[in-house]
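Asker: Heads up: the protein sequence lines correspond to chains Y and F, in order.
Residue numbering for the first sequence follows numbering that gives the first Met the number 0, beginning at 0 and increasing consecutively.
Residue numbering for the second sequence follows numbering that gives the first Met the number 0, beginning at 0 and increasing consecutively.
It should be emphasised that the hints constitute simulated quantities derived from the structure, not laboratory data.
Idealized CB from N, CA, C, for every residue including glycine.
One or more hints might be untrue.
As the list claims (entries may be wrong) - Just so you have them, the derived chain Y footprint on chain F, three or more residues with Cβ under 8 Å:
hint: 1; stretch: 26-33
hint: 2; stretch: 81-93
hint: 3; stretch: 110-122
hint: 4; stretch: 147-159
hint: 5; stretch: 194-200
hint: 6; stretch: 212-218
As the list claims (entries may be wrong) - Just the calculated beta-carbon pair ranges, DEER-fashion:
hint: 7; chain 1: Y; residue 1: K171; chain 2: F; residue 2: S86; range: 54 to 62 Å
hint: 8; chain 1: Y; residue 1: I276; chain 2: F; residue 2: R30; range: 49 to 57 Å
hint: 9; chain 1: F; residue 1: K128; chain 2: Y; residue 2: D79; range: 55 to 63 Å
hint: 10; chain 1: Y; residue 1: Q92; chain 2: F; residue 2: V151; range: 34 to 42 Å
hint: 11; chain 1: F; residue 1: K71; chain 2: Y; residue 2: V59; range: 34 to 42 Å
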Amino acid sequence: MFELLTEKFSGLVEKLKRAKRLDERTVEEALKDIRRALLEADVNVEVVQQFIKDLKGKLVDRELIKGLTAGETVVKLIYDEVLEVLGEHSPLQKPEKTPGVIMLVGLQGTGKTTTAGKLARLLKSKGYTVAVASTDVRRPAAMKQLCTLAQSIDVKCYADEDEKDAVKLAEKFVKQAENDGISYLILDTAGRLHIDEELMDELVLIKSRVHPVEVLYVADAMQGQDAINTAEVYHQKVGLTGVILTKLDGDAKGGIALSVRRVLGVPIKFIGTGEKIEDFQPFYPDRIAQRILGLGDIQSLIEKMQAAIDEDKAEEMAKRVMNAEFTLEDLKEQINMIRNLGPLENILKMIPGVGSKLKHLKVDEKKFIKIEAIINSMTPEERRNPQIINGSRKRRIARGSGTTIVDVNQVLKQYKEMKKLMKKMKKSGKMKLPFNLPM
Amino acid sequence: MLKAIYEHLKKGLQKTKEQAKIGLSELNISRKIDDSLFEDLEIALLKADVGINATEEIIEFLKKEAKKKGLKNGEELKGLLKEKLISMLKGCSGELRLLNEKPDVILFLGINGSGKTTTVGKLAYRFKKEGKSVVLAAADTFRAAAIEQLEVWAERTEARIVKHKPGADPAAVVFDAVNSAKSRGDDIVLVDTAGRLHTKEHLMKELQKIKRTIKKFSENQPCETLLVLDGTIGQNSINQAKVFKESTDVSGIIITKLDGTAKGGALIPICRELKIPIKFVGVGEGIEDLQPFDPEAFVSALLD
Numbered sequence: 000m001f002e003l004l005t006e007k008f009s010g011l012v013e014k015l016k017r018a019k020r021l022d023e024r025t026v027e028e029a030l031k032d033i034r035r036a037l038l039e040a041d042v043n044v045e046v047v048q049q050f051i052k053d054l055k056g057k058l059v060d061r062e063l064i065k066g067l068t069a070g071e072t073v074v075k076l077i078y079d080e081v082l083e084v085l086g087e088h089s090p091l092q093k094p095e096k097t098p099g100v101i102m103l104v105g106l107q108g109t110g111k112t113t114t115a116g117k118l119a120r121l122l123k124s125k126g127y128t129v130a131v132a133s134t135d136v137r138r139p140a141a142m143k144q145l146c147t148l149a150q151s152i153d154v155k156c157y158a159d160e161d162e163k164d165a166v167k168l169a170e171k172f173v174k175q176a177e178n179d180g181i182s183y184l185i186l187d188t189a190g191r192l193h194i195d196e197e198l199m200d201e202l203v204l205i206k207s208r209v210h211p212v213e214v215l216y217v218a219d220a221m222q223g224q225d226a227i228n229t230a231e232v233y234h235q236k237v238g239l240t241g242v243i244l245t246k247l248d249g250d251a252k253g254g255i256a257l258s259v260r261r262v263l264g265v266p267i268k269f270i271g272t273g274e275k276i277e278d279f280q281p282f283y284p285d286r287i288a289q290r291i292l293g294l295g296d297i298q299s300l301i302e303k304m305q306a307a308i309d310e311d312k313a314e315e316m317a318k319r320v321m322n323a324e325f326t327l328e329d330l331k332e333q334i335n336m337i338r339n340l341g342p343l344e345n346i347l348k349m350i351p352g353v354g355s356k357l358k359h360l361k362v363d364e365k366k367f368i369k370i371e372a373i374i375n376s377m378t379p380e381e382r383r384n385p386q387i388i389n390g391s392r393k394r395r396i397a398r399g400s401g402t403t404i405v406d407v408n409q410v411l412k413q414y415k416e417m418k419k420l421m422k423k424m425k426k427s428g429k430m431k432l433p434f435n436l437p438m
Numbered sequence: 000m001l002k003a004i005y006e007h008l009k010k011g012l013q014k015t016k017e018q019a020k021i022g023l024s025e026l027n028i029s030r031k032i033d034d035s036l037f038e039d040l041e042i043a044l045l046k047a048d049v050g051i052n053a054t055e056e057i058i059e060f061l062k063k064e065a066k067k068k069g070l071k072n073g074e075e076l077k078g079l080l081k082e083k084l085i086s087m088l089k090g091c092s093g094e095l096r097l098l099n100e101k102p103d104v105i106l107f108l109g110i111n112g113s114g115k116t117t118t119v120g121k122l123a124y125r126f127k128k129e130g131k132s133v134v135l136a137a138a139d140t141f142r143a144a145a146i147e148q149l150e151v152w153a154e155r156t157e158a159r160i161v162k163h164k165p166g167a168d169p170a171a172v173v174f175d176a177v178n179s180a181k182s183r184g185d186d187i188v189l190v191d192t193a194g195r196l197h198t199k200e201h202l203m204k205e206l207q208k209i210k211r212t213i214k215k216f217s218e219n220q221p222c223e224t225l226l227v228l229d230g231t232i233g234q235n236s237i238n239q240a241k242v243f244k245e246s247t248d249v250s251g252i253i254i255t256k257l258d259g260t261a262k263g264g265a266l267i268p269i270c271r272e273l274k275i276p277i278k279f280v281g282v283g284e285g286i287e288d289l290q291p292f293d294p295e296a297f298v299s300a301l302l303d
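Sequences are here, hints too, so could you generate the full structure?
Answerer: Here it is as structure tokens:
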């Protein structure tokens, strides 16, 4: 874990390098940095104060973890502490009777409607019959937005543009879902301020009529200090069973996760990580802990890689490399796998330590496109047996791929070097495949 | 084990509740100036989203002044604090810059859910009331039903709307809107763009393309490129403002959703670091709930 530290924490580890034990002064020094990190992550200041105070009690005079320095011990203990506050992964309640209603509530603009679509897709993919409906009679075109989303994932959407009473609408939708044999009905509600008494009462009324299995509070991960006040009022008035954090695809740290858990004790169930309907995942505390503390999101990276790389193909390729049979065909395949991961810049940013240092790094994806085009312009024979590529073949390939002979030469040279390297590795017996990811 | 965690949480909860009283208005400032008073002040500022760097600057300033002037009672700090905050917002207020070019084009940007479309609607209403002819360009062709949402605002404000199909090139919508406004001699074009996270490079490029499209009609346009910021957002809004400014040369900020309990204190570090003028404050869902930014009123609300 310690290779994963971003600047702030490497600084901390460095600062405490000479400390032999965790005396009060050392701990206080460390906690100053931690406090700053938590505040910059928008963790509620009162939660931070209390958290730091608790930490101090736990850290002072604590023995160093075997094999770790003082700084490393501190970081490890703090990480564990954040993890504990964040709690376990918590799945959705199963409905006792159908339809199981899931109410989504929250402020305006937190992403409730998009989340409704994402949740519907996730539940559908698990084999449930799902329907969505919006009781938002206020925001223009809110129902239309939800139904357009639902259509795109082939999920039923109930709507009634004429009924202006949100409570009646909710009851009507539940009845419809009951008739249709729906197992989960996701009920989107209008965004509202927690201080809007009238609208909060409306939520309470809806809840009392539809008996939801879950009331999920959709919270924008970027929210500042006020986030917890808002969530608290929602919890007191409506009674929340869980939280969904949205907009975690930006560079917000999501400190609200820590505040919500600490103050409300309500589990965080899902996180939204992008605009696409599949950008939605169950909540895992370790990732958010790493993010809040600025440790990088290595887990997401690993998962992304695993999802993008076809295991069988990788295995097959490994064998070929082992026997030094690596062809240009394989090189192309390899590039494809890497590109499947998405924009390389995003990938690099997920790597702890890299994120902050290479902020302005731009990866030239065009280079990959070029290599691919060049390989595509070769005949199968040329790909298997690149030695036969002579001057006139090179000219043809360059023309075919819209590149120059220099480019073609470069690809061939790179390929040769890779192959040489593989032979060497085979001889030395130390196989470290470039694409067999160490995980 | 579970019980221990529960107890722990409960304790945390009580503590937090007790401390939740600390807001500048509730803070008993009329007491001896000492470290604990500065600590409470610091917490109050952090709670308003002023951020750790700006807060430290403010506290340092107050400590120094208190010492220099030999202040004894916290009450004497109040005026100083207000002055300091207002001075930190200096150079960050300004009116809309209109050129009367027929059309003047105003471009609205921001992350998802910050309130762009609603703000466009409110401004359209404002201009209409001044007797100007307004065109709304539905350049958010991405979000489901965004065009319909803007259409409702067009109806409410009796503005003309130019739209394409969902998924169309936003720059093409903008081209048509400005082009038709020019030939009809309309006063204002308000361009509503899709919400985008500042971390998405390709989407920031799309904004640059929209800007280039507008510049084809007049080098002076858009006369304003307004970043719409959600006032409930914390320290991340500094990043947002920074990146949007770098890539699209933002000329002003509109901060929304200050009708709740959020204070929008992030404007202090934003102004301190970026010096972008703040043009309007959104204080509600009603069509008239948009006020010109007034640093003094803002600071008073912040300290309230």
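Asker: Evaluate each hint against the coordinates.
Answerer: Against the structure, the hints come out as follows:
| no. | hint | verdict |
| --- | --- | --- |
| 1 | 26-33 | violated (count 0) |
| 2 | 81-93 | violated (count 0) |
| 3 | 110-122 | holds (count 5) |
| 4 | 147-159 | holds (count 5) |
| 5 | 194-200 | holds (count 4) |
| 6 | 212-218 | violated (count 0) |
| 7 | Y/K171 - F/S86: 54 to 62 Å | 57 Å, holds |
| 8 | Y/I276 - F/R30: 49 to 57 Å | 55 Å, holds |
| 9 | F/K128 - Y/D79: 55 to 63 Å | 59 Å, holds |
| 10 | Y/Q92 - F/V151: 34 to 42 Å | 36 Å, holds |
| 11 | F/K71 - Y/V59: 34 to 42 Å | 35 Å, holds |
Violated hints for the displayed structure, listed by number in ascending order: 1, 2 and 6.
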